[in-house]
Amino acid sequence: MKPNKTIIVMLLAVYIAVPLAFGRDNYVMSLVVASMVIGGIALSWALLGNLGGMVSFGHAAFFGVGAYASAILSMKFGVPVLVSILLGGVGAVVASLAMLPVLRLRGPYFALAILAYAHIFRILATQWTSVTGGSGGLSNIPRLPEIFGYDLSSKTGGYLVILTIVLVFAAIYQYIRCSNYGLALRAMHESEDATRVVGVNSTLLKGLMLLVSAFMCGVVGAFNAHYINFLEPDYAFSGLWVTIPIVAAIFGGYRTITGPIVGAVVVYLVDQLVFKSIIPSGHQLVLGVLLVAMIIFSPDGLLSLLRKLTRRAHVAA
Amino acid sequence: MLQLKNISVRFGGLTAVNNVTLAVGTQDVVGLVGPNGAGKTTLFNAISGLVRPTSGQITFDGADVMRAPMYKRARMGIGRTFQVPQPMHELTVRQNLTVAQRFGTGSVDQNKIDEILEFTSLAEKATRNAATELALTELKALEVAKALATNPKLLLLDEVFAGLETTGKRHFMSMLKNLHEKFSVGIIIIEHDIETISNLCQRVAVLNFGELIAEGTPEEVFRDPAVIKSYTGGGHA
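Heads up: the sequence lines are chains A and B, in that order. Letter by letter, the first sequence follows residues 1 to 317 of my numbering. Letter by letter, the second sequence follows residues 1001 to 1237 of my numbering.
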């Protein structure tokens, strides 16, 4: 099979087979949507890590700012939901501009600074009561609309929207990675001076990746706000919005494009459907153990582990 | 083209380069010599923008570049190689040149890249991983190739011969001899070996303890008693 045929079959499967198979089960469908939300964050996080060489603990801020921006725009200014979701991404970009000064920091210093920055937005959302509703939050956020008579606010509708968002982002990621910018970005991790000496403005490129990553994460946060129709600061800016995606991205393989998405779906669904029923409280513990095992046995993630195993099976056969 | 005026670089209490004034034109091939620790590489770092001089003035093509970051100087036409080769990791040899050309000149011309690959004898290695699959001679050639891909007006070559065996050295020598004319580029070359310098350069500048102690043709300079004294290992001059 040619690669583009594989892609078409995969697309048919995720767009048609998944809704047909699980569409009637609201519980499973809501878990699938939640896993795709995490996949979207994981993808944006991995883009910054892989192309920008930065480990961010601040993505909860982009997620929350995107959610709040889109919710407020649609509630108070009557912006159509699908437009406000994109503007939520723009809101996250604006928030990320405040983080540009920390780009000059490296490694753990960058990670700590962006974590601190992220906290600022949570405080803003809590204290700026007149706009954000304070700690009471915002309820009755407009739902996803109907398009061509199809109700996107249903579980399956939400699934199709978040799926499209994630796939478009994956395509953008792929496009950047294959461009000359992508080449320069890949080279920058290990050899920044080597790129600067041939004319690469490495700080600018890293900054651009932060903006792209923030936009993606903000859009996902905005989608989620309209999907669940409710926001409060502790939820929108929860640290879980960054820790679970990091686990997912590393589990799936953060240096690939499909890795973070597949990782998120696998990690989240297995956690919710399997571990949660076995260990009702503290089931995330298992994820921690799995993550450590993955880092030790297959640092490149799940997909490369599967590839290795299938190759071995081939050889054995 | 390049004008250095009273350039000093201090690291804390240490003066690495002291009050150096030097001019290099498009037609020049200048040798920069001096004992270890004389400040040769630091001077290159100051010209290319890796370190900022404590005082002095650097102009390139009439523009003040003292405060210009390294990437801007590269785009203006200052290319350099590093003594310890700095290939761009994760990329192939060709991709290394593509990035250098795209960001150094603003556009990509595969014919020009092929020409440079040919010139630096890297054509057969074009698809190899630059950081993991090249021998030292090839890494050194890649340093030159990357710099050439940015279409430089001035090329700073930092000990391109160091660590090479005789064949590699001879090979590099013939390459460098053509470099100046083929790419119409001014060159400053750091090199310890006096014979190599005499062979390649019309002009030599000698640094010692950060100061420029002599400048002139190779014959003049290597006869200068002050230079001979500073060159403890190079007594044959």
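Rather than coming from a laboratory, the hints here were simulated on the basis of the structure. A hint or two may mislead.
Unchecked claim - Here are a few chain B residues that face chain A, going by a calculated C-beta distance under 8 Å:
#1 1065
#2 1066
#3 1067
#4 1068
#5 1074
#6 1084
#7 1089
#8 1090
#9 1104
#10 1107
#11 1108
#12 1110
#13 1139
#14 1161
#15 1223
Unchecked claim - Taking beta-carbon pairs under 7 Å as the criterion, some of the chain B residues facing chain A (in silico):
#16 1099
#17 1164
#18 1229
#19 1231
The beta carbon of each residue, even a glycine, is placed where N, CA and C say it ideally should be.
Here is how each hint holds up against the structure:
no.	hint	verdict
1	1065	14 Å, violated
2	1066	17 Å, violated
3	1067	15 Å, violated
4	1068	12 Å, violated
5	1074	4 Å, holds
6	1084	11 Å, violated
7	1089	4 Å, holds
8	1090	5 Å, holds
9	1104	4 Å, holds
10	1107	10 Å, violated
11	1108	7 Å, holds
12	1110	12 Å, violated
13	1139	11 Å, violated
14	1161	20 Å, violated
15	1223	36 Å, violated
16	1099	5 Å, holds
17	1164	20 Å, violated
18	1229	35 Å, violated
19	1231	30 Å, violated
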